[in-house]
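Visitor: Residues per chain, in single letters:
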Amino acid sequence: MELKEKMLSSFMALEQELDLSSPVHDIRSTSLKTFETLGFPTKKDEAWKYTSLAKLLKNDYSIFPKKESSIELKDVKKYFLYEIDSYKVVFIDGIYSPFLSDTTHDGIDVCLLSAALTKPKYKEVIEKYFHKIADKEESLTALNTSFAKEGAYVYVPKSVVAEKPIQIIHFSTGEQGDFLLQPRSLVVVEENAQVQIIERHQSLAAHEVLTNAVTEIFAAKSALVDYYKIQNDRDDASLIDNTYVAQEGDSNVNVHTFSFGGKLTRNNLNFTQNGEHIDSTMKGITIIGEQQHVDHYTLVNHVQPNCESHQDYKGIYADKSVGVFNGKIYVDKIAQKTNAFQQNNNILLDDLATINTKPQLEIFADDVKCSHGCTIGQLDEDALFYLRTRGIPKREAKGLLTYAFANNVLESVAIPALKTRINKLIATKLGVNLGHDL
Amino acid sequence: MLTIKDLHASVEEKEILKGINLQVNPGEVHAIMGPNGSGKSTLSTVIAGHEDYEVTKGSISFDGEDLEELDAEQRAHKGIFLSFQYPVEIPGVTVTNFIKTAINALRKAKGLEDMPAKDMLKSIREKAAMLEIDSKFLSRSLNEGFSGGEKKRNEIFQLAMLEPKLAILDETDSGLDIDALKIVADGVNKLKSKDNAVVLITHYQRLLDYIVPDFVHVLYNGRIVKSGTKELAHELEAKGYDWIKQELA
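Sequence lines, in order, name chains A and B.
Quick note on the numbering used here: the first sequence kicks off at 1 and runs consecutively.
Quick note on the numbering used here: the second sequence kicks off at 439 and runs consecutively.
Derived from the structure by calculation, the hints contain no laboratory data.
Note that the coordinates shown come from a computational prediction; the quantities given were computed from them, not determined experimentally.
Some clues are possibly wrong.
What the hints assert, rightly or not - With a cut-off of at most 30 Å between alpha-carbon atoms, the simulated DSS-like pairs for lysine-lysine come out as follows:
#	chain 1	residue 1	chain 2	residue 2
1	A	K44	A	K424
2	B	K556	A	K424
3	B	K516	A	K394
4	B	K664	A	K394
5	A	K424	B	K603
6	B	K589	B	K574
7	A	K221	A	K164
The following block holds chain A by itself, in its conformation from the complex (with noise of 0.2 Å):
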């Protein structure tokens, strides 16, 4: 059976366990009509020119998990930043581990979006943020909202600074054998209130697993929201991230993406502004080799006026690898004084190694500052000889110059533990030994 019928016949196996009266099932079946009609993406598909997920699409995928897996902490410590104290909600194969989370409702909701679809207690933040700006016209988008009934809440009320980060995390033990995860997250912030979060999706075993997961984030007015995604799975684990962003006035959110592994990694990041005074800031590395595909796709929709975005990728490829990063800004007529940035630099490390970069401006209004510039380079030969004259090898004096060139993205990374772990990421990744011990 295909993919796509397969699909749709489990989703009457989902309504068996689901409340057909709540409202939430409603939109459910919408968007499962919106993928009936839509399927999956393909290559005729202009924002899917470059990345194809038909090979994926033939895998024969569980969609529910057959059995309960559990996990030993010690063996899954280190995909935690367990430097550091922090709230944790933690799934194994699409399922609430209790064990492995540390949730809160203390000054804080970090829980499971389940309980919030069915408490009444969420039913007001539910009614008017659930599903609210995820797009309604897109495939992937509406496959996991029609089957949306698993992932992380984060709800921070007014004024509240949450006390410690919250981690995120997905496992996908193998145990289900191949597997498709859909996990659905909310993250509303309210006025004031202030945030950060790390999200990480990680494969365990050999097993084809693909997740196609949709994360909606509210920022409030004045409100600050740091979002951090790690992506550094398995070669056999392959992500499709749907992330939808919506701002009110002076709020300020980050998100940065930090690609380093996985077999096929898409990133959908969607932002719009609804308000003045706004600060959107997308960043990324990507550190890929082998046949490993990167791709992101962002949109910025200013549509208010006096508001400002900022957009900083880096790309490291090497091997056969693949990137892509299709960067739109949309900046509607009465969005005057707009300041939107964007940077996409590129290093192909070999010969077989590619990148299409393509950044869209639409441009409705007069008095705007927008810019965009992609480079894609080789290592510039004169600080290679430099390393080189002091006796650095050649391979490591490109790893050396390769990690300065992806570096300065981490400048704005606003957990220190966090930002050192990224930073010896790269260094393995590059094959620099820097020894963070000096």
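Since chain A is already given, all that's left is putting chain B on it; use the hints.
Guide: Okay, now just chain B, sitting in the frame of chain A:
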């Protein structure tokens, strides 16, 4: 130590060095002077082993070994150090981490273990103090946003840490004010010994007041056209390079 015989070198098919002969022995300080475009920097770059420069004729040997087949890093492992006229900026790599990487690369080439962190720190502190380098400077990204003087001082700091047999200092005095020049020159003088050698490449005589050369060579149009002692440098300063050009005409 360094023996250069009838060295011809080209870059992009253009011949820059047209038959250089030079002998540098342990314990000696040589100054190579010359007008702009005479081939001074090319000579230092060729000795250090830049791949874009092709040796078309002649030879360079170091401690009796022909350098032709050796890469830049292998030459560094043998004990050749080049202080750059324009050091390269490397964001994200601190001065300390860079020097640590370089020292351990040299040690690895010699079959030694990494230097223990404690010894490394001690050595870094000593050498930094000698060159009056602030400890804050050591945690900055290599050459990024450094002033001209800071870059040069950092080059000499690397020289002090790496302790090469042969140090080639390419226009080390440019960009330095007189105080910084004295500190840098003092550093080089302290590092001098009977076992190592220094080649100073400079346009001006100024540096030679502080690092006194045993021999002065004038490079012009890809050849050494005159050699002498430090008095030659004074003569050049007084008469200018036109004097050499006229003499040759």
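Visitor: So which of the earlier hints does this model not fit?
Guide: 1, 4, 5
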